[in-house]
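Visitor: Quick note, the sequences are listed as chains A and B, same order.
Take 1 as the starting number for the first sequence in the numbering used here and just add one per residue.
Take 1 as the starting number for the second sequence in the numbering used here and just add one per residue.
Simulated pairs of lysine-lysine, DSS-like, Cα-Cα distance not exceeding 30 Å:
(1) B/277 with B/153
(2) B/153 with A/128
(3) B/447 with B/521
(4) B/50 with B/153
(5) B/311 with A/186
(6) A/128 with B/42
These are calculated hints, taken from the structure and not from any lab test.
What follows is each chain in one-letter form.
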Amino acid sequence: MSHDNLPVKNPDLGHSVADPGIEEHIERFTDVNEGAGNRAYRAILLMLAAVPVLAIAFVVIYFAVPRNAYIDFGWLKASAMNVGLGVTAGLAVLLIGIAVIQWARVLMGDEESVEYRHSAASSEEDRKVAAQLFADGVEQSAVKRRPLILGALGGALGITLVPAVVLLADMGPHPTRRVREETIEKTLWANQVRLVNDENWIELRPEHLEVGQLVNAQPASLQELHGMEAHQEKAKAAIIVVRMDPNSITIPPSRADWQVSGILAYSKICTHVGCPISLWERQTHHLLCPCHQSTFDLGNSGVVVFGPAGRALPQLPISVDDEGYLIATSDFPVPVGPSYFERDSRNDFKDGDQ
Amino acid sequence: MAKPTSVVDTSPSVEAHEAPATKPKSQPGALTWADERVGVNKIGRFGLRKVFPDHWSFLLGEIALYSFIILLLTGIFLTIWFKPSMAEIHYDGSYQLMKGMPISEAFASTLEISFDVRGGLLVRQIHHWAALLFVASATVHMLRVFFTGAFRKPREINWLIGVGLLSMSLMAGFTGYSLPDDLLSGTGLRFVDGLIRSIPLIGTWAEFFVFGGEFPGNLIISRLYMAHILLIPGLLLGLISAHLALVVYHKHTQYPGPGRTENNVVGYPLFPVYMAKAGGFFFVVFGFLVLMGGLFQINPVWTYGPYDPAKVTAGSQPDWYMGFVEGALRLIPPFWESHWGGTTWAWAVFVPGVGLMGLLFTSLALWPFIERWLTGDDREHHLLDRPRNAPTRTALGVAGMTAYGLMWLGGSNDIIATRFSLSLNAITIFLRIAVFVGPIIAFIITKRLALALQRQDRERALHGSEDGVIVRDVQGGYSEAHVPVSHDEQFLLTQHLQHRPLEAGGDTDADGLPRKGGVSKLRSRLSRWYLGHEIAKPTAAEIEDAHHHGDHDAPALEDSPKH
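Just chain A, with the same shape it has in the complex (with noise of 0.2 Å):
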């Protein structure tokens, strides 16, 4: 191969030593001792050897094993079946592995070649040669006799692009004011909606709380969801309630009425990413999610007092109905959940509000 385009024209530039070129080489000890060389030798085919003993422990283990024995280890119990398949199949590709590594460390000649680089930069000779091809090709194109051509071309690929964009325009439903207004707005939560105990749908009365109690809540009409929908509808819908001592909680005189005798209701998803909250800090009244660690004061409407989260969380105004049952008297008042664009946050509580 010619030398004539190395990468860089003068390597030794700013040199101070001179290259004392390569390394002489030096020979290992299995390269000079026959016994050491075939004792490397014998190592490696020992290993090699080993692989078809442990493929076959692989095939009894997976057809004898049953799948529910496990090894018991005292502070740990595994299963069998995949320790045995692990360990099989693990160390036979180990040893395969290692048994060529050793082959090309110990036994391969470890001479070092040298090659020559080249410059990826083309030749003068090259740029020329391809700029009169290119220039030929040009001509034969005759696109410069009738260049509105490729404008024309440009402008008919570009708008392609349009129909390709629009075919993806049903990825989703639009979330105009309207969808909005019936999703991610809207909650199940309404005018004598009965608040459920989310676990076993008992529904809950006052007297079902005690001073300082937290009741993970949804609302009774979720049982008659499935599926998709119940999904949907509990991401939005779980409240978290608690019963707080009415004296050593602050409740604003426009929250009076949304709670019944120091029970409040709050919405269980966090305002931050819209983790459910449940970490209860009964003395201090905080809730805490464990997903970013936002901190919200229950007995203070729900307003953040540490981490990340931008808005308080939104209350539930609940009330008892004629059967003694807790019920809510409307949906939230606010989108609950994470923040997004058109959200409208100026009805949202705030440390101080009245």
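With chain A's structure known, arrange chain B on it following the hints.
Guide: Just chain B now, kept in the frame of chain A:
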């Protein structure tokens, strides 16, 4: 055979040549067959003895490549059983604790792979470990390329491909993490929903388009499945091919040393040494991952349970590679939100979530061009930098790693708090400050260390190393003589090219008119900041000088009288 009646010397040969009927018998028939169709001998002549340099740090990218191959192999196995559907069914598999529960088909089939398909759990766990290793090795490989300056001319395009690969690998990981539809993966999706929503102007539209309506809907798993098994692996495969093709085309960089120049590559030939080493290493990586899959549990989804939008576990953590975003999100102080008119701008989510990832990948992508602007360096580089010889770059890299690491710690502030009995709030407040102060401290320390190493290199090249014999002379003083280092080491310590900072000026010509291509004052100041503090390497004259006076130059130890 018809021949033209006359052939002039200058005319091209029009004689029809037929391939000889019998080839020399030196090659087996199959090879001849292939050669006559695709010219394998030509390829072999070019490639068989191609030289690759050897160094452990070159294996990092190999680990990433092999993890990707293992991901493809194990992933194909998993698709045989996995059902990417959010349709609700009643679980009827062999995991007793979930019998009869309404769960999605995606979750049920994940349980089936884990409990009912023999070897299914093994392959699932190998797949998950391989995914973690894939992103990890790609990240560390990128750090190696950064710190050794392997991204410099002519490899900038390959660096950009690498940045694309790294960002794509995060997406590959995240989309896979979300597929089993367990409680943890659903929590991750909820977070992504909040993240998408926070984008100003188009957030709600993007959310509705991605999820097919309101969160969670019933489409997201099948859409993520398409992205995870077709779109992203396809892009990864294409980019990896381009990445490797460019490595072959440019030839691999090499570390400096005797006989290594910008114009050559010293190492072992592809066939057989490199083939055996690299091929064997694939089996080593594979073997380790299989052992991990067999011995170390990962993502036991059955203990998390099916996704329920009203449930979450304390201690929820993303896979490691999303930890820095998670941490950045956790460290934001309250009320980072603007309410202008009827609109909400959720900076607290958008800035650390979308913004941070954008910042990371943009600054990575721009770095080779920024450095070139700072140094004005237009040479090709095939010899790697020793990190100490690019002190400011090294310091910037460590500062970046520090910021990343602190954010990453922030992503597990709750685990740190419970494991070490510390205050969660105190950790968070500390990290809020530390993510800004820590990188500055790291920068200063790293730069000082690099310069100290440069100074030490200079000393070693000039005066050699202490000979280890402390001599007490008649006056009672102690001294230690120096022995010169080998010629090889002296060369290694001094071979690097030191760039001079760009000087301002040249931006006006002799008549005071602005000239194109000059160096602005700002650029020259930044260039001085970037290059200006390096310890000058010894010149040939200095080395010669030191050599002659070597015996007398031994630095004296305590109170030793001067000669």
